[in-house]
Amino acid sequence: MAAIPIIEARGVDLVFQTNDGPVQALRDVNLEVAKGEFVSFIGPSGCGKTTFLRCIAALETPTGGTLKVRGMSADDARRERSYGYVFQAAGLYPWRTIAGNIRLPLEIMGYPKPDQEARVEKVLELVDLKGFGKKFPWQLSGGMQQRASIARALAFDAEILLMDEPFGALDEIVRDRLNEELLKLWSRTGKTIGFVTHSIPEAVYLSTKIVVMSPRPGRITDVIDSPLPRGERPLEIRDSREFLEIAHRVREGLRAGHAYEV
Amino acid sequence: MNRILPVLTVVAAIVVLWYGAAVWLNSKWVYDQAARAGTEVTTAQLISETMAQERPVLPAPHQVLAGLWDGVAGQKITSKRSLVYHGWVTLSATMAGFVLGTAAGLILAIGIVHSRAMDMSVMPWAIASQTIPILAIAPMVIVVLASLGIKGLVPKAIIAAYLSFFPILVGMVKGLRAPDGMQLDLLRTYNTPRAAVLWKLRLPSSMPYLFASLKVGVAAALVGTIVAELPAGATAGLGARLLSGSYYGQTIQIWAALFAAALLAAALVAVVGALEAVTLKRMGMAR
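Protein sequence lines correspond, in order, to chains X and F. In this text, residue positions in the first sequence follow the working numbering: the first is 1, and each later residue adds one. In this text, residue positions in the second sequence follow the working numbering: the first is 1, and each later residue adds one.
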């Protein structure tokens with residue numbers, strides 16, 4: 001990894017001031033992510049995985065340490081529109097059609113009209129929603145809505161895709177399919193993906209790097225570089241020995257985090 | 001049919017009660033007349049006479065309807081006796097005031113949502129403004145503006161605006177703040193300018209709130225206009241018609257004007273409702 005890391009965290013701390021006194025959300029988080037990696041953040045709720053993702057997106061500001069995204073401060077990277085962000089809920093505007101929702105960032109960023117249309121068509125195809133552009137969100141299933149929100153994050157050329165438990169509210173069957181599609185999409189677009197989840201199989205199946213976190217205060221307990229092949233991974237890979245070994249290591253990491261707690 | 005039946009039932013009940021009350025309240029005059037003439041009154045006579053008085057305490061429904069019909073269709077619309085003429089005078093001031101009040105409410109709401117200083121400073125005054133009885137303020141506004149040479153529609157519109165801006169303000173502050181944290185965060189990830197946040201997220205999200213406030217606001221504007229027509233001897237408008245009716249004890253005229261005002265208010269609210277339906281349908285938000 002000779003190149004500059006696309007995300008680089010050194011001793012990141014975050015303390016929230018609440019009515020019940022300060023709460024340490026993150027403590028001494030160190031991480032390097034190379035361009036093109038698929039990083040998963042896994043841990044129990046309250047471990048700061050979403051908070052850390054929001055720090056990368058400059059939606060939260062760390063109270064200590066340094067956090068660089070594409071070699072600049074996280075907030076500058078946000079201003080440069082370096083990333084697309086997919087939230088837990090699709091959050092589509094009910095008054096806009098699917099195409100209109102995907103066009104939203106393009107309108108705000110001032111893309112020319114014909115270019116907007118072309119991009120909307122392209123990403124609709126990418127997330128397998130071709131022909132649904134004129135529908136309104138309520139006419140689509142939850143899984144399709146979440147795909148549309150991914151398309152919205154892909155519509156502009158951000159190098160990074162940040163996803164905060166995007167499939168958390170979906171049933172497992174839909175989730176498996178979307179995971180498969182997400183991997184294809186990742187290998188086609190070559191983006192760097194940061195992915196928050198609390199599902200061990202999901203993290204292991206998708207990632208090239210798995211960051212295991214534990215709560216109170218939120219910190220990293222283990223970083224696992226996956227030996228699984230990049231690119232195409234059939235769903236059956238989840239029965240392979242390698243897969244199970246990584247899953248085991250993740251589980252151990254999570255357990256260690258909890259043992260510290262009790 | 002299922003929706004009309006309950007409505008008709010209620011209307012029928014009101015009409016029956018109304019006739020009963022008319023007989024009861026107007027009977028005193030009939031008895032007094034009979035006593036003066038030294039005659040007895042039969043029940044049939046009592047009923048027929050309580051419903052055909054020229055200046056009854058409470059006019060019977062058919063008298064009010066006849067008065068309303070005469071005022072609307074029985075006069076030339078340029079006549080001072082025409083309710084269409086008076087209705088138009090009131091309606092034009094109401095609309096002017098409503099537009100003014102809506103604009104004021106919208107601008108203040110946008111300011112309050114975007115500026116903490118305005119949030120702290122404007123809102124208490126807006127609330128205080130509504131605690132002052134409009135009946136106390138209206139004559140002062142009319143007199144002050146008249147001394148400046150401003151008469152006619154403008155003072156009435158200002159009072160209508162004074163009443164109608166408040167529901168718009170309260171509704172729109174709520175509506176513009178309706179987007180949740182996630183939706184605002186999403187726009188932050190696009191590094192969205194504030195103006196675009198307003199146009200693309202806050203205003204569209206506030207539409208249901210806007211129309212709810214507009215319905216309250218348009219009715220308030222009508223009340224404001226009518227109240228503004230009461231003092232200072234206004235000669236035209238439904239308020240003036242109410243006032244002259246009470247001067248001369250023309251109870252039928254009062255009730256007819258009252259019904260005209262109520263019908264006008266209902267029509268205005270219905271127009272806003274229709275606009276709402278069309279807008280929400282175009283926005284894909286109608287269920």
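Treat the hints loosely; a few may be bogus.
DMTMM-like mimics (lysine to aspartate or glutamate), calculated; alpha carbons at most 20 Å apart, straight line [to be verified]:
1) Lys35(X) / Glu232(X)
2) Lys135(X) / Glu117(X)
3) Lys184(X) / Glu252(X)
4) Lys200(F) / Asp28(X)
5) Lys68(X) / Asp28(X)
6) Lys200(F) / Glu117(X)
Derived by calculation from the structure, the hints in this document are not laboratory data. All of these numbers come straight from a predicted model, not from anything done at the bench.
Given pair status - Asp28(X), Lys68(X), alpha carbons within 20 Å: Given that 20 Å is the threshold and the Cα spacing comes to 15 Å, the pair holds.
Satisfaction of hint between Glu117(X) and Lys200(F), Cα-Cα up to 20 Å: Holds - the C-alpha atoms of Glu117(X) and Lys200(F) are around 18 Å apart, at most 20 Å.
Pair hint Lys135(X) and Glu117(X), alpha-carbon separation not exceeding 20 Å: Holds - the C-alpha atoms of Glu117(X) and Lys135(X) are around 16 Å apart, at most 20 Å.
Given hint Glu232(X) paired with Lys35(X) - CA-CA distance at most 20 Å: It holds: about 18 Å lies between the C-alpha atoms, which stays within 20 Å.
Hint consistency between Lys184(X) and Glu252(X) [alpha-carbon to alpha-carbon, up to 20 Å]: violated (29 Å)
Hint consistency between Lys200(F) and Asp28(X) [alpha-carbon to alpha-carbon, up to 20 Å]: violated (39 Å)
When each numbered hint is compared with the structure, violations occur for hints 3 and 4.
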